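Residue numbers (our numbering), protein chains in the order written: chain R, 1 to 387; chain Y, 1 to 144.
These are computed hints drawn from the structure, not numbers from a lab. Note that the structure is predicted; figures quoted are calculated from it, not measured. Keep in mind that the hints are not guaranteed to be accurate.
Computed footprint of chain R on chain Y; a stretch qualifies when at least three of its residues, placed anywhere within it, have a C-beta under 8 Å from a C-beta of chain R [unchecked claim]: (1) 23-34; (2) 50-56; (3) 66-78; (4) 86-92.
Here a beta-carbon is modelled for each residue, glycine too, at the ideal position from N, C-alpha and C.
The chain contents come next:
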Amino acid sequence: MHGAAAIAGIGESTYYERGGSPHSEFQLACIAIQRAVEDAGLELADIDGFVSYMDSRNDPIRLARALGIRNLRWTGSPWSGGGNNSCASIQAADAAVSAGYAKHVVVFRALAQGQFGRFGQSGGGGGGGYLGGAFAWNAIYGLMTPAQQCALHTARFMHDHGISQEALCEISLACYANAQLNPRALRYGKPLTREAYHASRWIVTPFHLYDCCPENDGAAAAVVTTAERARDLAQKPAAIVAAAQGVGPAFATYTQDTLGSSHYGQVAEHLWQNAGVVAQDVDVAQFYENFTGPVLMAMCEMGFASPDGIESFVKDGALQGPDAKLPFNTSGGNIGEAYIHGFEMINESVRQIRGTSTCQAPNVERALVVGGPGYSPGSAVLLGASA
Amino acid sequence: MTRVLGDAWPLPGLDDRNRAFFTAGVLMLQQCKRCQHVQHPPEDVCEACQSFDLGGFESAGAGRVESVIVVHHPLHPGMADIVPYAVVAVALDDVPGVLLTGNVTNRAPDAVAIGDRVEVTFEEVVDTANNVTLKIPQWQAVDG
Chain R
1 MHGAAAIAGI GESTYYERGG SPHSEFQLAC IAIQRAVEDA GLELADIDGF VSYMDSRNDP
61 IRLARALGIR NLRWTGSPWS GGGNNSCASI QAADAAVSAG YAKHVVVFRA LAQGQFGRFG
121 QSGGGGGGGY LGGAFAWNAI YGLMTPAQQC ALHTARFMHD HGISQEALCE ISLACYANAQ
181 LNPRALRYGK PLTREAYHAS RWIVTPFHLY DCCPENDGAA AAVVTTAERA RDLAQKPAAI
241 VAAAQGVGPA FATYTQDTLG SSHYGQVAEH LWQNAGVVAQ DVDVAQFYEN FTGPVLMAMC
301 EMGFASPDGI ESFVKDGALQ GPDAKLPFNT SGGNIGEAYI HGFEMINESV RQIRGTSTCQ
361 APNVERALVV GGPGYSPGSA VLLGASA
Chain Y
1 MTRVLGDAWP LPGLDDRNRA FFTAGVLMLQ QCKRCQHVQH PPEDVCEACQ SFDLGGFESA
61 GAGRVESVIV VHHPLHPGMA DIVPYAVVAV ALDDVPGVLL TGNVTNRAPD AVAIGDRVEV
121 TFEEVVDTAN NVTLKIPQWQ AVDG
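Kindly produce the complete structure, drawing on both the sequences and the hints.
Take a look at the structure:
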């Protein structure tokens with residue numbers, strides 16, 4: 001039933017630097033949801049489902065109470081990890097409305113790390129104590145954070161395919177360049193130069209500071225309904241042409257055959273099979289950049305370039321601006337717009353389909369979103385101007 | 001020996017799955033008794049044949065660095081004296097497919113490269129609170 005569902009409305013809070021939100025995380029969620037519902041031309045009372053990911057704080061029952069939603073038919077949350085599930089959450093909402101279990105499902109992500117503490121800090125120490133469970137195997141050796149985990153894959157990928165630091169730099173430069181066109185973006189008015197990138201400190205080789213996305217506070221939401229209902233609502237629908245998940249190795253597990261990978265090979269296989277098109281049919285793409293290196297791997301695994309050809313695919317600003325060969329992270333992405341766990345990329349893809357992006361690619365028929373690379377399950381969604 | 005990440009670095013919290021790995025003093029991995037598959041980290045079930053009948057496999061501990069990173073950013077002020085340090089992923093000669101992570105004890109962080117040959121060594125630490133001697137697998141670079 002691909003194309004049976006569509007995104008009918010999008011909304012977001014103002015985005016803030018980490019700790020900069022005047023609102024609680026829950027209030028941010030409510031702002032984004034209200035705006036998405038209003039954008040769709042719906043009332044809050046029309047909402048009968050909620051999906052999020054890596055979110056145990058803003059739960060559906062709490063939201064239903066706060067937003068006056070009396071008739072909740074569907075709740076769901078994809079398992080494991082974090083931003084890797086940004087697109088799986090759209091898939092879960094598609095499944096619900098396509099099957100008729102709910103009519104209007106809100107998918108969202110809210111995070112206020114100022115209020116609740118930061119990701120990517122867990123499992124480490126230095127002040128004694130013990131590391132147990134899955135953390136014991138790697139944190140004992142100082143391998144703890146997502147940056148470090150993704151770096152281990154990126155280092156091998158670069159080694160195997162002769163990829164230079166410039167290729168990583170290009171990802172960050174493109175996000176910053178496109179953010180200069182987007183007043184919502186936290187890096188708006190703060191351009192990045194190649195020289196500043198290379199001069200920035202090492203976080204973990206091969207990642208400089210600017211290879212790592214910032215941490216931010218904010219929320220973004222989208223309303224998923226059937227394509228049929230969406231046609232009668234306020235906005236041009238963004239059809240959910242296909243969505244897919246795919247797996248790689250278990251958390252904290254490294255294997256020879258998956259080293260140097262972002263674990264998106266299976267996502268690509270499932271997505272293109274479901275969609276009936278290939279990467280080269282995509283007009284604009286958003287790739288979740290937790291770190292720059294995994295984006296290069298994900299681009300290859302999704303079918304946009306070969307590993308040996310990825311550096312020439314991205315070099316010399318090839319990804320920057322609306323007229324790029326592959327318009328990429330057109331709102332600025334996690335690095336340039338805001339780190340809303342990749343959900344800002346869902347909303348940006350809807351804007352591309354509507355023709356309202358601040359970095360609008362020409363004649364967009366298909367807009368791709370690729371979720372967080374390097375963790376499993378990965379997920380991706382292909383939106384279309386038509387199903 | 002002094003630990004690569006300093007003597008204040010946390011210790012493994014021992015459980016039934018990881019006790020042999022962190023205390024045996026040889027490189028002890030998990031092996032299926034039915035199909036002889038070796039897997040890491042250990043699980044409750046054999047990933048190759050789904051047997052629950054799992055035992056140990058003693059690796060000779062010789063291998064090759066498959067990837068290496070150098071950590072520069074201290075996660076908290078207590079790590080300022082520990083960085084920079086290198087983390088490696090090592091493939092074992094006698095266990096195809098599996099990678100182990102660790103540190104290289106006898107090389108500077110920036111002197112470790114993909115392709116380097118390594119052998120297992122052990123950081124011996126007494127966990128006085130639990131009255132157990134830990135022998136944490138680590139790696140030393142060898143010529144050739």
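Now the hints, each set against the structure:
no., hint, verdict
1, 23-34, "violated (count 0)"
2, 50-56, "violated (count 0)"
3, 66-78, "holds (count 11)"
4, 86-92, "holds (count 3)"
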